[in-house]
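2 protein chains.
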Amino acid sequence: MKKSFGARTLLTALPVWCIGSYDADGRPNVMTVAWGGVCCSKPPSVTISLRKARHTYGNILEKMAYTVSVPSEQYVRQADYFGIASGRDVDKFEVSGLTPVRSELVDAPYVGEFPLILECRVIHHHEIGAHTQFIGEILDVKMDEEMVMEGDQPDIERIGPLIYSAHTGAYYRIGECIGKAFKIGRKQ
Amino acid sequence: MKKSFGARTLLTALPVWCIGSYDADGRPNVMTVAWGGVCCSKPPSVTISLRKARHTYGNILEKMAYTVSVPSEQYVRQADYFGIASGRDVDKFEVSGLTPVRSELVDAPYVGEFPLILECRVIHHHEIGAHTQFIGEILDVKMDEEMVMEGDQPDIERIGPLIYSAHTGAYYRIGECIGKAFKIGRKQ
Numbered sequence: 001m002k003k004s005f006g007a008r009t010l011l012t013a014l015p016v017w018c019i020g021s022y023d024a025d026g027r028p029n030v031m032t033v034a035w036g037g038v039c040c041s042k043p044p045s046v047t048i049s050l051r052k053a054r055h056t057y058g059n060i061l062e063k064m065a066y067t068v069s070v071p072s073e074q075y076v077r078q079a080d081y082f083g084i085a086s087g088r089d090v091d092k093f094e095v096s097g098l099t100p101v102r103s104e105l106v107d108a109p110y111v112g113e114f115p116l117i118l119e120c121r122v123i124h125h126h127e128i129g130a131h132t133q134f135i136g137e138i139l140d141v142k143m144d145e146e147m148v149m150e151g152d153q154p155d156i157e158r159i160g161p162l163i164y165s166a167h168t169g170a171y172y173r174i175g176e177c178i179g180k181a182f183k184i185g186r187k188q
Numbered sequence: 001m002k003k004s005f006g007a008r009t010l011l012t013a014l015p016v017w018c019i020g021s022y023d024a025d026g027r028p029n030v031m032t033v034a035w036g037g038v039c040c041s042k043p044p045s046v047t048i049s050l051r052k053a054r055h056t057y058g059n060i061l062e063k064m065a066y067t068v069s070v071p072s073e074q075y076v077r078q079a080d081y082f083g084i085a086s087g088r089d090v091d092k093f094e095v096s097g098l099t100p101v102r103s104e105l106v107d108a109p110y111v112g113e114f115p116l117i118l119e120c121r122v123i124h125h126h127e128i129g130a131h132t133q134f135i136g137e138i139l140d141v142k143m144d145e146e147m148v149m150e151g152d153q154p155d156i157e158r159i160g161p162l163i164y165s166a167h168t169g170a171y172y173r174i175g176e177c178i179g180k181a182f183k184i185g186r187k188q
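Chains as they are written, first to last, in the working numbering: chain G, 1 to 188; chain X, 1 to 188.
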C-alpha cells in the first residue's frame, strides 16, 4: 500500500560528483554535489544544481566553466569533506592533500587523483528556485588508463563510483551486475 | 596517467527512472531514462532529458506532467523493456503485466508495483541540442510503507534501486554502505 510523503526530493540513489572551479583570484576549489546528471548527448552535456550562497556558484559564473571529478570509493572521506567545508574558509585541496590539476581546455581545476574527469564549459544557466542549474558542455573526458575497458569505455567496477543515499545521508558502493541493458528486457 | 577520451557523455553510475505519461487519447505509457537528476529543493524538482523522437516527449508536452517510478532490482527486466519498446507500437504496461495507476495530482500514470513514485508537473522545458530537458516540480512522493525508515525517509537498502552503467550497458545493484555523509569527511 502506497503512502503519501509530500512534496519533497525523496530520491535514493544519487551521484557523487566533485565540482572543480577557480575563484576570481585563481584559487582552486572543489565541492561535492549530488544534484546533477547527464542532460544531452549532442552537445554532450551534464547539469549540476547549486545554491547561490555556495562559493562555487560565484566561481562558475565568473569563469563559465567547471570540472566534474568522479571519486572512487577509496576517496569517500575526501568527497564528503568537499561537501562539508567551504572554499571561502579553507583550501580544500590543501587540507585533503589532493592535487588541483589545471584543465587545459576550461578555466577550472580537477582532482588529479580521481579516476574519471569531465571538463565543461557552461552553455546555459537557469534559476529554478532555491537552486540554479548550470548546464556544462563536456569538452573532454579524462580517465586513468587502468580504469578503461575495451572500446574506450569506463569500467564501472574498476572506477568504483560512490552512490549517495540522500536524506538517510550515507554513501554506498556499487554492487553486482544484475543484467545487460537492451537485452535482459527483450523477453517479457 | 590520465588519457583523453574526447567530448562524450562517459559517466558511469546513472539512475534508472521510469517515466509515466499519457498520450492525447489518454493511453498510458512508460519509458526508462538514465539522463535525469534532482535539480532544485524549493520547489522540489527533478530534471529528465528526452529526444524529440520519443513518444513520451509529445505526451509530456501535451499534458505538461510526468511521473517518475523508481524500479527496485526485482523489476530490472521490466525497466529494461520500458527502454527498448516504444509506446507508439505497444502498450508496455499490458506487455509487462505491470499496473498503470492514475495520479490524482497530475495527468500522468505511474507504475503501481514500483516502490518509489514522484508525481511531477512540468515547470520548465529547455532545448539543449539533441535532447530537451523537462524540469518537473514534485507535487508528491509516494512510497510503499515497508520501504520507509524512521523519519519518513526512503530506505535505499529495502528499495534496492538500479544503477545504470552507461556505455558498458549494464545494470548494477547497490552494494554496502561505506560511510555516513557529513560525518566521515570531518576528519582529514
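In short, the hints are calculated from the structure, not lab data. It is possible that part of the hints are untrue.
Given that identical chains are not distinguished, each listed pair holds provided it fits within a single copy or across any two copies.
To be verified - Simulated pairs of lysine-lysine, DSBU-like, Cα-Cα distance not exceeding 30 Å: (1) Lys180 <-> Lys63; (2) Lys180 <-> Lys42; (3) Lys3 <-> Lys180; (4) Lys63 <-> Lys42.
Do the hints match the structure? See the list:
In this homomeric assembly, Lys180 and Lys63 never come within 30 Å of each other (Cα to Cα): the closest approach is 40 Å inside a single copy and 33 Å across copies. Only within a single protomer do Lys180 and Lys42 lie at most 30 Å apart by alpha-carbon distance; the minimum there is 25 Å, versus 36 Å between protomers. Within a single copy, Lys3 and Lys180 get their C-alpha atoms only as close as 32 Å, which misses the 30 Å cut-off; across copies the closest is 27 Å, which meets it. In this assembly of identical chains, Lys63 and Lys42 lie within 30 Å of each other by CA distance both inside one copy and across copies; the values are 22 Å within and 26 Å between.
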